[in-house]
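Protein chains: 2
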Amino acid sequence: MTDITLIDAAAARLRGHARVTPLLNAPLLDAAFGRRIFIKAECLQLTGSFKFRGGWSAISALDPTTRARGVLAYSSGNHAQGVALAAQRHDIPATIIMPSDAPQVKIANTRAYGAEVILYDRATEDRDAIGARLTAERSLTLIKPFDDPQVIAGQGTTGLEIATQAAEAGIESATVITCCGGGGLTAGIALALQARARGLTVRTAEPAGFDDAARSLASGRIERNAAMTGSICDAILTPAPGNLTFPILQRLCGPGLVATDDEALHAMALAFTHLRIVLEPGGAIALAAALFRENLPDTVICTASGGNVDAETFRLALDRFTT
Amino acid sequence: MTDITLIDAAAARLRGHARVTPLLNAPLLDAAFGRRIFIKAECLQLTGSFKFRGGWSAISALDPTTRARGVLAYSSGNHAQGVALAAQRHDIPATIIMPSDAPQVKIANTRAYGAEVILYDRATEDRDAIGARLTAERSLTLIKPFDDPQVIAGQGTTGLEIATQAAEAGIESATVITCCGGGGLTAGIALALQARARGLTVRTAEPAGFDDAARSLASGRIERNAAMTGSICDAILTPAPGNLTFPILQRLCGPGLVATDDEALHAMALAFTHLRIVLEPGGAIALAAALFRENLPDTVICTASGGNVDAETFRLALDRFTT
Numbered sequence: 001m002t003d004i005t006l007i008d009a010a011a012a013r014l015r016g017h018a019r020v021t022p023l024l025n026a027p028l029l030d031a032a033f034g035r036r037i038f039i040k041a042e043c044l045q046l047t048g049s050f051k052f053r054g055g056w057s058a059i060s061a062l063d064p065t066t067r068a069r070g071v072l073a074y075s076s077g078n079h080a081q082g083v084a085l086a087a088q089r090h091d092i093p094a095t096i097i098m099p100s101d102a103p104q105v106k107i108a109n110t111r112a113y114g115a116e117v118i119l120y121d122r123a124t125e126d127r128d129a130i131g132a133r134l135t136a137e138r139s140l141t142l143i144k145p146f147d148d149p150q151v152i153a154g155q156g157t158t159g160l161e162i163a164t165q166a167a168e169a170g171i172e173s174a175t176v177i178t179c180c181g182g183g184g185l186t187a188g189i190a191l192a193l194q195a196r197a198r199g200l201t202v203r204t205a206e207p208a209g210f211d212d213a214a215r216s217l218a219s220g221r222i223e224r225n226a227a228m229t230g231s232i233c234d235a236i237l238t239p240a241p242g243n244l245t246f247p248i249l250q251r252l253c254g255p256g257l258v259a260t261d262d263e264a265l266h267a268m269a270l271a272f273t274h275l276r277i278v279l280e281p282g283g284a285i286a287l288a289a290a291l292f293r294e295n296l297p298d299t300v301i302c303t304a305s306g307g308n309v310d311a312e313t314f315r316l317a318l319d320r321f322t323t
Numbered sequence: 324m325t326d327i328t329l330i331d332a333a334a335a336r337l338r339g340h341a342r343v344t345p346l347l348n349a350p351l352l353d354a355a356f357g358r359r360i361f362i363k364a365e366c367l368q369l370t371g372s373f374k375f376r377g378g379w380s381a382i383s384a385l386d387p388t389t390r391a392r393g394v395l396a397y398s399s400g401n402h403a404q405g406v407a408l409a410a411q412r413h414d415i416p417a418t419i420i421m422p423s424d425a426p427q428v429k430i431a432n433t434r435a436y437g438a439e440v441i442l443y444d445r446a447t448e449d450r451d452a453i454g455a456r457l458t459a460e461r462s463l464t465l466i467k468p469f470d471d472p473q474v475i476a477g478q479g480t481t482g483l484e485i486a487t488q489a490a491e492a493g494i495e496s497a498t499v500i501t502c503c504g505g506g507g508l509t510a511g512i513a514l515a516l517q518a519r520a521r522g523l524t525v526r527t528a529e530p531a532g533f534d535d536a537a538r539s540l541a542s543g544r545i546e547r548n549a550a551m552t553g554s555i556c557d558a559i560l561t562p563a564p565g566n567l568t569f570p571i572l573q574r575l576c577g578p579g580l581v582a583t584d585d586e587a588l589h590a591m592a593l594a595f596t597h598l599r600i601v602l603e604p605g606g607a608i609a610l611a612a613a614l615f616r617e618n619l620p621d622t623v624i625c626t627a628s629g630g631n632v633d634a635e636t637f638r639l640a641l642d643r644f645t646t
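One line per chain: the protein sequences are A and B, in this order.
Residue numbers for the first sequence follow the numbering used here, beginning at 1 and rising by one.
Residue numbers for the second sequence follow the numbering used here, beginning at 324 and rising by one.
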C-alpha cells in the first residue's frame, strides 16, 4: 500500500533524475477570473508529463536482478514515454505495446527513448495476450500505468513538491485540482498532502462524459465510462478508477469536477497567453475546472499534467480562444 | 558599476518576489542536434520575460521617499510589463510611455498591471520630451531598459541561478548563449558567471541584420544597427549596445552569434514540441543559435528570455516547422 513513507522513499530515488517542476501563477489570469490560480507545471517534466515520475519510481524500486531483465508497459501515450526514458536511464530494456493506430509521433518518440515498440491491431489482436506472452518469454516486469503502489508513490512526489511550494508561497488553505485518469496522480498527491499540507484538499477534474471518478466518488463504488473515445482529452480517458487508487480517492478527495473539451481548449489558450506553457487537452482539464467552475475557494492549485500535444490540436485552441 | 556584490544584493531583494525559473532540457532534442542543450526558461518569469528582474531590482534599490513618487519607463514591450508589475507590487505609481501603434495586447497588459500608459505618435511626437516633462512635473524616476547598474544587477540574478543549476546538473564547462538586445541580460549573466562559474562563458545571439553586439565585439567599439524594423524579433531590436553594458560584454564575452528569423521560428516550434514552453521570436534566438550554429561545445546553455508572442506569430512557427 502506498503511504507517505513509500512516497518519501520514491522522492529520494527520483532526486536528481526527475525535474522539480515550478508552481506557476499569472497575476492577470487571477485578476480576470477572480481567484488565485497556481499551476503545477508537470508539462515541464521530462518526457512532457508526470508519468516519468511513476515510471522511474517503479523501475528504481525493482530488485537489480529483476530490473536487469527489463520492463514492459501498455500505453499509447505519456506512460509509454515515461517508462521508456526511465528504463533507458537505468540502462535496461523496455518493451512498449502500442496500438498500431497511435499517433506516429508518439510511436517515434517512444522508440527514440530507446524502447522496443510492439504494435498491435486494436480490432483483431488481444493486447493482454501479447503482453502476457512477452512477459513470460523475456521475464519482463509489467509497469502498470496507475494501479501499482510504487507508481502511485512516484506520482505522489508531485504532491510533496506542491506542499513545499505552497508553503513557500504562503498558501495555507487551497483546493488542489488534479487531472484524473486512472487516479494514480490524484491518489499520490492526496496521500502526500494529507501528510504534509493538511490545508490542501484534493478534487479530481475529468472531461465531461468521461467522469468515472466523479461518479464513483458520488456513488461510493467504482463506476465505469460508457465509452473510451469521444473526447480530445485522450491522455486521461481510462475505463474506471483503479482498485488501489479508488479507495484512496474515496478517503481523501472531495466531489469530482468536470470540464468540457471546449473549456480544456480555452484553458490551453489562456495557458499559452498568461503562463507561456504548452498543455495537451487532458493536461489542461484541471486548469479548465479551476477557471470555469463555481463554488471554489479563493486559492486553487491545479496540476498541468502533460504537454504532449500535436500542432493541429494546439492550433485549434489558438484559433478558437485567442484574439 | 555593476559587480557581483551588486548582483548578490539584487538577488536578496528579488527573493520571494521573482520566480526562480527552471533550467530545462530535452533528451530527444539533444539526440537530434548532437549536443546537450539546456534552456534557462525566463519565459516562465513573472510578466513573461526576464525584464521583471531588472525592474524589481531598480525599483527596490531606490530610497523609499524617491520610490514613493513613482517611476517612469519607455517601452513598447517586455520592459513595460516588468516595470509595471514591479511598481504595482511596491505599491507605487508607474507611468509607461508607449508608442500608439504598439500591439493592443501589450498596452492592455501594461495597464492591467496597474500602470498609467501614455501613448505618443512615433511620427510626430518626441518620446524623450514627453518623458522629461513628466519626470520633472511628477518627480518620477526613470527606469532605463538596460543601461543602469541596478537593472544589469537584476538581470544578473539569472546568471546566479544558471551557475547554481548548472552545478546541480553536473555541468562544469559550457557556452552560455544569451538573447541580446541592449546587453543588460548578457552583461548581468556574464558578471555573475565570471564570479560563480568560471567554466561557463557567454556569447550573444542576435537576429541576422541586427547584430550590433556581434559587430561591436568584433570591432572593439559600439556599432549601431542600420534599421530598427525588419525582424520579427522585436523584443531585442535595439539601436546599439549600451555605454555601461558594452564594456562588460567586451571584457567577458566571446564572439557574437547570429540566427535568422526563420531559425528563430524553427526554434520556437522545437521548444513547443520538446520543451512545452512558449517563446517569442526574440526569446528564441539564443536557442536558434544553439541548434543551428556550428563550432559550439558539447554543452550549451541558452536563455529563453521571453514568451510574449501573439497567436498569429506562434501559428506561423507551428505551420512552418511542425509536422
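Because the hints were derived from the structure by calculation, they are not lab data.
Each residue gets a CB set at the ideal place from its N, CA and C atoms; glycine is no exception.
One or more hints might be untrue.
Selected chain A positions facing chain B (Cβ under 10 Å, derived; list incomplete) [said to hold, decoys possible]: (1) A12; (2) T164; (3) A167; (4) A269; (5) E280; (6) F292; (7) V309; (8) L318.
Violating hint indices (sorted, rising):
Numbers 1, 2, 3, 6 - these are the hints that the structure violates, sorted from lowest upward.
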